[in-house]
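There are 2 protein chains.
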Amino acid sequence: MDVTFLLFEGITALDAIGPYEVLQRLPDARVRFVAREVGPVRTDNGFLALHADHAMHDVARADVLVVPGGFATRQLEHDQATLEWLRAVDTTTTWTTSVCTGSMLLAAAGLLVGREATTHWSQLSRLSEYGAVPASRRVVETGKYVTAAGVSSGIDMGLTLAARIAGDEYAKAIQLGIEYDPQPPFDSGSVDKADPGTVEALITMLQRA
Amino acid sequence: MDVTFLLFEGITALDAIGPYEVLQRLPDARVRFVAREVGPVRTDNGFLALHADHAMHDVARADVLVVPGGFATRQLEHDQATLEWLRAVDTTTTWTTSVCTGSMLLAAAGLLVGREATTHWSQLSRLSEYGAVPASRRVVETGKYVTAAGVSSGIDMGLTLAARIAGDEYAKAIQLGIEYDPQPPFDSGSVDKADPGTVEALITMLQRA
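Line by line, the protein sequences give chains A and B. What the first sequence shows, in my numbering, is residues 183 to 391, in sequence order. What the second sequence shows, in my numbering, is residues 183 to 391, in sequence order.
Don't take each hint at face value.
Pairs of lysine to aspartate or glutamate, EDC-like flavour, derived with a Cα cap of 16 Å [unchecked claim]: (1) B:LYS326 x B:GLU298; (2) A:LYS375 x B:GLU351; (3) A:LYS326 x A:ASP245; (4) A:LYS326 x A:GLU298; (5) B:LYS375 x A:GLU351; (6) A:LYS326 x A:ASP272.
Since the hints were made in silico from the structure, they are not lab data.
Same shape as in the complex, but just chain A:
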């Protein structure tokens, strides 16, 4: 089973590493990290580099494709080479998936037309610009397309996918392996639960970034 992650400059690290930590544990998984070129790819703030072992032009297929997000997707939505690669690999996949604004790339590639999909809550309405149907659920499945909400939701998406691929019992064992028994110290992880002051504080943080 080939699990392929797209990397790009400006990626949000946890978007990729959340589902990676789940999917790498699937039976017979082979995971590949793919970018425009082989080499280190800097994440959003530049503090970290993830290493791409493969270049796009060397990877033509995948059983599972995972497209992470990050601020940089805003530019990549218009990058024809990336969109063409996504369309080509998608013709070979059993599952085409995204985390956070990764779904904006799938949408821009024309893969989500008429389909329900999700993304980071702050960008949700933009999915309709590409003909997708915004759905504010944490993990949205429409056929082989599975999109997840912001950043950390990729862990939930990964477990959902692991259950589809290897069965509930296997997915549960993975969950125990990564001790995913979340106990956030606050309950402000969604825009419906956060109080207005928190939303305002985040908007200030995002504008500064």
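Starting from the known structure of chain A, fit chain B onto it as the hints suggest.
Quick look at chain B alone, frame taken from chain A:
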């Protein structure tokens, strides 16, 4: 604020990237990834490399030290260069923290003697070999030492720490930014909640790995 992550061959990626995604968002954070040598460091199964921009001998201090885990800690517990570096940096920190079996390294360095600490549930009893007091909570604070349970618990630890450093309101905004409103499809993320079949399935998976 210098936030320093230790990297090593065989690290579990999410142990580092979970708290990283939270702590990199702190005001004026500068995050450094440090390993024995500068360059790519392969994670447990070899599928991914994280890039260390700094070598241990170039980093003598940190405000926040984060020590991730992975199978490889079992050997590193006996690596005097790593343990000495941890002891030296610890004398400069405001917070010394770990995720998963990263706490075994802090314990082996003698930093947790007489202190409550946690680690991956499967290794918890081993903490007492180094004089630490095993505590089966998800995030354990004892003074400036904050240890987290297995793999994904580093996100909860990161938010707990963010609240101590920048206040609850700031931590809540980070939580909303990474949309950390966990909705795991199963409830088998801790050994107390998982059914015996799941525990057995995981033990088989670990033995194969």
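Hint check:
1. For the hint pairing LYS326 of chain B with GLU298 of chain B, the CA-to-CA distance comes to about 12 Å; that is within 16 Å, so the pair holds.
2. Our distance criterion of 16 Å between C-alpha atoms is met by LYS375 of chain A and GLU351 of chain B, whose separation comes to about 14 Å.
3. Distance restraint check for LYS326 of chain A and ASP245 of chain A: the Cα-Cα separation of roughly 11 Å lies within the 16 Å cut-off, and the hinted pair is therefore satisfied.
4. A C-alpha spacing of about 12 Å is found between LYS326 of chain A and GLU298 of chain A, which places the hinted pair at or below 16 Å, so the restraint holds.
5. For the hint linking LYS375 of chain B to GLU351 of chain A, the alpha-carbon distance of about 14 Å falls within 16 Å, and the restraint holds.
6. Proposed proximity of LYS326 of chain A and ASP272 of chain A is supported: the alpha carbons are some 10 Å apart, at most 16 Å.
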